[in-house]
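Protein chains in written order, with our numbering: chain A, 1427 to 1827; chain D, 1019 to 1089.
I should point out that these hints are in silico values taken from the structure, not numbers from a laboratory. Possibly wrong hints are sitting among the right ones.
[Stated by the list, open to error] Below, in silico cross-link-like pairs of lysine-lysine (DSS-like), each with a Cα-Cα straight-line distance of 25 angstroms or less:
(1) A/1522 with A/1634
(2) D/1027 with A/1522
(3) A/1796 with A/1555
(4) A/1796 with A/1701
(5) A/1788 with A/1701
(6) A/1453 with A/1634
(7) A/1634 with A/1701
(8) A/1750 with D/1027
(9) D/1027 with A/1701
[Stated by the list, open to error] One-sided excerpt, in silico: chain D residues whose CB lies under 8 angstroms from chain A:
(10) 1044
(11) 1060
(12) 1068
(13) 1071
Backbone N, C-alpha and C define an ideal beta-carbon position, used for all residues, glycine too.
What follows is each chain in one-letter form.
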Amino acid sequence: MTETTHRGCPVAHTDFTGTAPLYEHYKMLDNDREQARFLFNDTTDRGFFMLQRYDDVRDGFQQHDTWTTAVRSALRPNTASDPLLPQDLNGQEHVKLRRILNQFFAPAAVRRMEPMAQQRCIELIEELKPAGSCDFVAEFAIRYPTDMFLALLGLPVSDGEQFLEWSDEYFSALLAGDPAGATTAKASIMNYFDEAVNERRANPRDPKEDMVTRLVQARIDDVPLTQDEILTICLTLMLAGLDTTRSALGFIYTHLAQHDADRQAIIDDPTLIPKAVEEFLRLYPLVFQAGREVQEPQEFNGVELEKGDVVWLGIAQANRDPRKFDNPDEFDVNRPNVNQHIAFGGGPHRCLGMHLARLELKIVLEEWHKRIPEYRITPGTELRERGVQLSMAALPLEWEV
Amino acid sequence: MFISIDADKCMGHGRCYAVAPDLLSDDDEGFVAQRGQCWEIPEGLLGQAEEAADACPEGAIAVLETAPSNA
Ligand code: HEM
Ligand code: SF4
């Protein structure tokens, strides 16, 4: 410990990267938020300024002119060698690529996927039901978004199992800050995407409905996307969409298995499910922070920032800020301002997949509870969560058959 | 009463048109189709307008007593 304040901010040493008992990170995050409005955390080589209250975090997401995604995660500030798209773009370049992608992720596009999403969900549940138990995380929560991801790219769902192995390996290495640890997995994934994209170049489909065809044909300022850019987009969607949805499902089912009244409420009235999903996303944010890099010296609500500083946008701290949400630790399906939660971030980089994620979570809650309304966590289980970006390694559930 | 939607702030979270379906709609990119507009709230829809303003995570929607002078 060398200093107690850094440019006027108290210095904190909280480590958010370890594996811990379930909900431990929320305690650490809430604790830091109540300690001071802004903190400087010195646990990474560059350190980071923490914005923690709802108003500050939202304000931070809106500083996109001068705070860029040159740093995407305050906890992993040195990832320039691992490009992601559209994340790494900023300003007009980012807007132009988002414009191409948005139309495949807008509510109208996502609604077109609903019948297929529902059918696949039912198949997976029916497959698990007779056994009377499962590891919900490994046998359901990751399989479903993986299948949906493949469907989005127009690829066969039967590739799911193989694909899942690669993506898990690569994602774990990336989160550990060691992308070199998974070069083989990454190469297999890129190879797989490369074949898919080439197939679509040879046999284009309707670019209004098929995302890969659209990516192949798209022009930005008259220039087509390169093969590398298209593959990076596919990789990004995989990295951004699979682990997050798995994680959200893990936290939601842990809650429902332990809160009979909340579970009964959505069984009795499934029309509550969309609101419940929003409240779950607010209460259990799993992407608990986003990072930004400051490009110009600037004063932010009293903090003097310099070029190159890393800023932490405390998503989870904002969603659980008592100044914004009354009784923030409680699940309240009728919370009046729940829609203002920022589990999906804000500003121009707000989650591209938010409407798809919402649809997937809604369908799972509807279809699962129609078929398996009563379930419990296998007694004696010790639940744990991964740091950096929360996720549960396992969630054993059981039910009567 | 008027409703006004700031086009620069709207990022397409889609909460507003979900809670105010009779007043707002979505475009094919997922933004509210009425972004950048300011108009008088039709009879009976003030409730939806207020809900939409309260639902927007970007603070892009305002419900106003009078039309702003530059509108
Ligand atoms: C519950 C599930 C999800 C959560 C909580 C979540 C959360 C987030 C957050 C907080 C961001 C903003 C990061 C930042 O500002 O730096 C983000 C960005 C993004 N998300 Fe999600 N996400 C989820 C699901 C998905 C899915 C299913 C997909 C795609 C299939 C997806 C694709 C993306 C992409 C591409 C970005 C980057 C957008 C950009 O930089 O323009 N996400 N997500
Ligand atoms: S809720 Fe706000 S950001 Fe989202 S579409 Fe409506 S106005 Fe735009």
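Hints and how they fare:
no.	hint	result
1	A/1522 with A/1634	holds (17 angstroms)
2	D/1027 with A/1522	holds (17 angstroms)
3	A/1796 with A/1555	holds (12 angstroms)
4	A/1796 with A/1701	holds (18 angstroms)
5	A/1788 with A/1701	holds (9 angstroms)
6	A/1453 with A/1634	violated (45 angstroms)
7	A/1634 with A/1701	violated (30 angstroms)
8	A/1750 with D/1027	holds (20 angstroms)
9	D/1027 with A/1701	holds (24 angstroms)
10	1044	holds (6 angstroms)
11	1060	violated (22 angstroms)
12	1068	violated (11 angstroms)
13	1071	violated (10 angstroms)
Checked against the numbered hints given earlier, the structure breaks hints 6, 7, 11, 12 and 13 and satisfies all the rest.
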